[in-house]
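Which chain is which? The protein sequence lines are A and B, in order.
Taking full-length UniProt numbering, the leading residue of the first sequence gets 1, the next gets one more, and so forth.
Taking full-length UniProt numbering, the leading residue of the second sequence gets 1, the next gets one more, and so forth.
Careful, some of the hints might be misleading.
As the list claims (entries may be wrong) - Simulated pairs of lysine to any residue, SDA-like, Cα-Cα distance not exceeding 25 Å:
| # | chain 1 | residue 1 | chain 2 | residue 2 |
| --- | --- | --- | --- | --- |
| 1 | A | K113 | B | S298 |
| 2 | A | K113 | B | A171 |
| 3 | B | K113 | A | L92 |
| 4 | A | K113 | B | G53 |
| 5 | A | K113 | B | L318 |
| 6 | A | K113 | B | D351 |
| 7 | B | K113 | A | T21 |
| 8 | B | K113 | A | Q112 |
| 9 | B | K113 | A | F382 |
| 10 | B | K113 | A | A352 |
| 11 | A | K113 | B | E285 |
| 12 | A | K113 | B | R103 |
| 13 | B | K113 | A | Y338 |
| 14 | B | K113 | A | T407 |
| 15 | A | K113 | A | V258 |
| 16 | A | K113 | B | V258 |
| 17 | B | K113 | A | R98 |
| 18 | B | K113 | A | S115 |
| 19 | B | K113 | A | L328 |
| 20 | B | K113 | A | D350 |
| 21 | A | K113 | B | A352 |
| 22 | A | K113 | B | S65 |
| 23 | B | K113 | A | P95 |
| 24 | B | K113 | A | A333 |
| 25 | B | K113 | A | D94 |
| 26 | A | K113 | B | V288 |
| 27 | A | K113 | B | A384 |
| 28 | B | K113 | A | V114 |
| 29 | A | K113 | B | D376 |
| 30 | A | K113 | B | E355 |
| 31 | B | K113 | A | L100 |
| 32 | B | K113 | A | V258 |
| 33 | B | K113 | A | A384 |
| 34 | A | K113 | B | T289 |
| 35 | B | K113 | A | D351 |
| 36 | A | K113 | B | E360 |
| 37 | A | K113 | B | R60 |
| 38 | A | K113 | B | D39 |
| 39 | B | K113 | A | E360 |
| 40 | A | K113 | B | A402 |
These are computed hints drawn from the structure, not numbers from a lab.
Values in this document were obtained by computation on a predicted structure and should not be read as measured data.
Protein chains: 2
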Amino acid sequence: MSTTVDTARDRMQLAKDAARTVGLLSDSAKRDALLAVADAIEVAADRIIAANGDDLAHGRDNGLSEGLQDRLRLDDVRVSALAAAVREIAALPDPVGRVLDERTLPSGVRLQKVSVPFGVVGAIYEARPNVTVDTTALALRSGNSVVLRGGSAALRTNAVLVAVIREALAAAGIDPQAVQTVDDFGRDGARELMHARGLVDVLVPRGSAQLIETVVTESSVPVIETGAGVVHIVLDASAPLDWARDIIVNAKVQRPSVCNAVETVLVHRDAAPRLVGPVVAALQEAGVTVHGDAEVASLAADIVPATDEDWSIEHLSLDLSMHVVDDLDAALAHIRTYSTHHTESIITADDANAERFLAEVDSAVVMANASTRFTDGGEFGFGAEVGISTQKLHARGPMGLAELTSTKWLARGAGQVRA
Amino acid sequence: MSTTVDTARDRMQLAKDAARTVGLLSDSAKRDALLAVADAIEVAADRIIAANGDDLAHGRDNGLSEGLQDRLRLDDVRVSALAAAVREIAALPDPVGRVLDERTLPSGVRLQKVSVPFGVVGAIYEARPNVTVDTTALALRSGNSVVLRGGSAALRTNAVLVAVIREALAAAGIDPQAVQTVDDFGRDGARELMHARGLVDVLVPRGSAQLIETVVTESSVPVIETGAGVVHIVLDASAPLDWARDIIVNAKVQRPSVCNAVETVLVHRDAAPRLVGPVVAALQEAGVTVHGDAEVASLAADIVPATDEDWSIEHLSLDLSMHVVDDLDAALAHIRTYSTHHTESIITADDANAERFLAEVDSAVVMANASTRFTDGGEFGFGAEVGISTQKLHARGPMGLAELTSTKWLARGAGQVRA
């Protein structure tokens, strides 16, 4: 184990080696280690904030947008929030060692399928220091090593965070090599991570649609795609006005910048005269700009004409696209064309239409008469969220700690051979 | 839906469109359709065997090896076996629509996590007609469309099999576009399939290590890696001779050409004088050539000197590599270096060592005192086997029908919004 050469692959190998011991840690050892990490983050607040100040100054000099600066910025309150998030993850039940299946073969061999850590989890994300801390805590809680590649604008902040976490782990008797960053290798670090098949067991990209697309396309390591949400709400012919108005305003306005916010509302033609006016008025009162087709514009004031682009865009802002459709079939066809398979909801008083929608829409979460904002690990009761998977392999929808584990089969025999 | 242009992508789009209706079929509709497919295969036996004869003649002319010719060959008995396999798959329980999780949120929204078909399953495999039929039946039983790319040496056989299956589906009222082949596009067909992200939901390669490596490296569609098995058996210091001999002979000799056959035996130094002689003698009596290190050669006759290559090779023949190791730590280190993470077994009378081995070995199936030949969907009671996954994402170990499904969350509310 030479330390004279230090490449991205060397660090991933160290993470893999460390995964052997981290994967065997007891529930309490992992919990205690994370509590120590949380304390260490608070103790190191000044050091973290100073490094973050350097990143921010560098960002300002290089034209980093106000929005990205805000996501990057740490202060005392936010550092405390980082530590609090680690403590919440520490308090979650251990996802490792659950017996998921059990059977005795005719020969008497006893089989158990148990949950085990992946080994090494890779993360590629943007300049958000909270993702560094969250991802590390989630990986360690589930017995995994982690290899981090954050946005370069957070290079100094992440370096200090990783150093603080590693110091705390070492003090708690846990191999600090379980936490690695490849930030300092720049784009090469990301590239090595995407091609570290055999060293890294799963890669989770978090961030813009473009970042995710790059990782999904380039990576030979298995990826869990966490995704963009072009989220639809369908107002069926029978949709009650109060549900329609409350759910759409909640789904758009409560937190417009997140993936479970609604982007497009499809209105059944028979309900359009009854619903479009008051729903649009409620949205506009809440500050939303409605992009609508001609029929929407004929039923409400101040409609921005919708372009073809509006149907496929994730606004992530107080903008909403609205389209009148002939019937439920047309709504389902529109969703098939434009959905990113994250979350869709129908508002209807017709149970048969609700059940048809639930059965036919091919998305991670399909709802009837509820706000799409419920698609969230915390809301689902997982206690923490690794991301929201929009792929069908391994995990779909909000991912909790359980989704950071794999399984293995254990077979216990007494000399049995196959007949 | 133009039929004037016919590309590999067109066919995948047809498979995707068909998946919508196939995914909603009832248990009995899927079962009846497969029974009709089985009947149709038997009725078409002459047509299938004639096409297979053409493939065989073409293969002989082009130097196809005897072994590959045998795997390609169909006769009346083998065609009946194809039909019988389809009937067995028809008789399995429907893996779709199982409720895997259920919870009511504080707001009263009712959540269900249910199993759903993937949509479109892609398969890339070699010139084995039984894989064409098996894979299609497994995909349809789990409500999926399938896009097939078999070995070119089976082109004519597969074309007839696919035609027969599609005719039977159409007669049963099921969209025949659910079954597609891209064989006739040659290498381009395989390439399009590996890059059909958005059309194909999961790709399952079956065949040689090289085929799997190519698919894993090149594909941007999520892959389930089914794998090569450099399978190890460890003889601990306390291994009983009868278990050691019976299990190793069974694991090597019963069917040497399959992935769960043992390739390497690691013998604890303390047990070597007691075990190597009789185990090697039993193997040699069964026709096995033992490749051993110097220590093995000093304890038994007719040992072929092992080369470095022997430790990483999947013999798939009546050859076995044998190595004496210092202790359990050394055995675990050897397995970490050379295992393909398929199946490993320890033979021991020491429960603590057995449990340590079960905990520390990072393979899909880890055994104590049982033959590695038990790693098999049929043996595990799954009724059918899609393959044996050696990756950690989604499925690990023998895969049954359940592993050809994804999940989705259904949320049923009454106007709830997020607080």
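Hint by hint, here is what the structure shows:
Distance hint between K113(A) and S298(B) is unfulfilled; the C-alpha atoms sit about 41 Å from each other, more than 25 Å. The straight-line distance between the Cα atoms of K113(A) and A171(B) is roughly 41 Å, outside the 25 Å bound, and the hint therefore fails. For the given pair, K113(B) sits about 21 Å from L92(A) by alpha-carbon distance, which is consistent with the 25 Å threshold. Our distance criterion of 25 Å between C-alpha atoms is broken by K113(A) and G53(B), whose separation comes to about 44 Å.
For the given pair, K113(A) sits about 31 Å from L318(B) by alpha-carbon distance, which is inconsistent with the 25 Å threshold. Restraint check for K113(A) and D351(B): the C-alpha separation of about 19 Å stays at or below 25 Å, so the hint holds. Restraint check for K113(B) and T21(A): the C-alpha separation of about 33 Å exceeds 25 Å, so the hint is violated. Between K113(B) and Q112(A) the CA atoms are separated by roughly 23 Å; this keeps the pair inside 25 Å, and the hint holds.
Between the alpha carbons of K113(B) and F382(A) the distance comes to roughly 14 Å, so the proposed pair stays at or under 25 Å and holds. Taking the CA atoms of K113(B) and A352(A), the gap is about 20 Å. The hint holds against a cut of 25 Å. Restraint check for K113(A) and E285(B): not satisfied, since their Cα atoms lie roughly 36 Å apart, outside the 25 Å limit. The suggested pairing of K113(A) with R103(B) holds, with an alpha-carbon distance near 24 Å, which does not exceed 25 Å.
Between K113(B) and Y338(A) the alpha-carbon distance is near 24 Å, which keeps this suggested pair within the 25 Å criterion. As the CA atoms of K113(B) and T407(A) are separated by approximately 19 Å, the hinted pair is consistent with the 25 Å bound. A hinted pair counts as satisfied when its Cα atoms are at most 25 Å apart, and K113(A) with V258(A) does not qualify at roughly 36 Å. For a cut-off of 25 Å, the pair hint linking K113(A) to V258(B) stands: about 23 Å separates their Cα positions.
Distance check on the hinted pair: K113(B) and R98(A) sit about 19 Å apart at the alpha-carbon level, within 25 Å; holds. Restraint check for K113(B) and S115(A): the C-alpha separation of about 19 Å stays at or below 25 Å, so the hint holds. Annotation: proposed proximity of K113(B) to L328(A) holds, straight-line Cα distance about 24 Å (limit 25 Å). Restraint check for K113(B) and D350(A): satisfied, since their Cα atoms lie roughly 22 Å apart, inside the 25 Å limit.
Of the pairs offered as hints, the one joining K113(A) and A352(B) holds, with about 20 Å between alpha carbons and a cut-off of 25 Å not exceeded. Under the criterion of a C-alpha separation no larger than 25 Å, the hint pairing K113(A) with S65(B) is inconsistent with the structure, at around 40 Å. Distance hint between K113(B) and P95(A) is fulfilled; the C-alpha atoms sit about 18 Å from each other, no more than 25 Å. Using a Cα cut-off of 25 Å, the hinted pair K113(B) and A333(A) holds, with the two alpha carbons roughly 24 Å apart.
Restraint check for K113(B) and D94(A): the C-alpha separation of about 21 Å stays at or below 25 Å, so the hint holds. Using a Cα cut-off of 25 Å, the hinted pair K113(A) and V288(B) is violated, with the two alpha carbons roughly 33 Å apart. At most 25 Å may separate the alpha-carbon atoms for a hinted pair to count; K113(A) and A384(B) meet this at roughly 18 Å. Using a Cα cut-off of 25 Å, the hinted pair K113(B) and V114(A) holds, with the two alpha carbons roughly 20 Å apart.
A hinted pair counts as satisfied when its Cα atoms are at most 25 Å apart, and K113(A) with D376(B) qualifies at roughly 14 Å. As the CA atoms of K113(A) and E355(B) are separated by approximately 15 Å, the hinted pair is consistent with the 25 Å bound. Among the hinted pairs, K113(B) with L100(A) is consistent with the structure: their alpha-carbon atoms are about 16 Å apart, no more than 25 Å. Annotation: proposed proximity of K113(B) to V258(A) holds, straight-line Cα distance about 23 Å (limit 25 Å).
A threshold of 25 Å between alpha carbons decides the hint, and for K113(B) with A384(A) the separation of about 18 Å falls inside it, so the pair holds. With a C-alpha separation of about 35 Å, the suggested pairing of K113(A) with T289(B) is violated against the 25 Å cut-off. A threshold of 25 Å between alpha carbons decides the hint, and for K113(B) with D351(A) the separation of about 19 Å falls inside it, so the pair holds. Annotation: proposed proximity of K113(A) to E360(B) holds, straight-line Cα distance about 15 Å (limit 25 Å).
Between K113(A) and R60(B), the direct Cα distance comes to roughly 45 Å. Violation of the 25 Å bound is thereby established for this hinted pair. Restraint check: the Cα-Cα separation between K113(A) and D39(B) comes to about 37 Å, which exceeds 25 Å; the hinted pair is violated. Restraint check for K113(B) and E360(A): satisfied, since their Cα atoms lie roughly 15 Å apart, inside the 25 Å limit. Distance hint between K113(A) and A402(B) is fulfilled; the C-alpha atoms sit about 14 Å from each other, no more than 25 Å.
Consistency note: the structure conflicts with the earlier hints numbered 1, 2, 4, 5, 7, 11, 15, 22, 26, 34, 37, 38.
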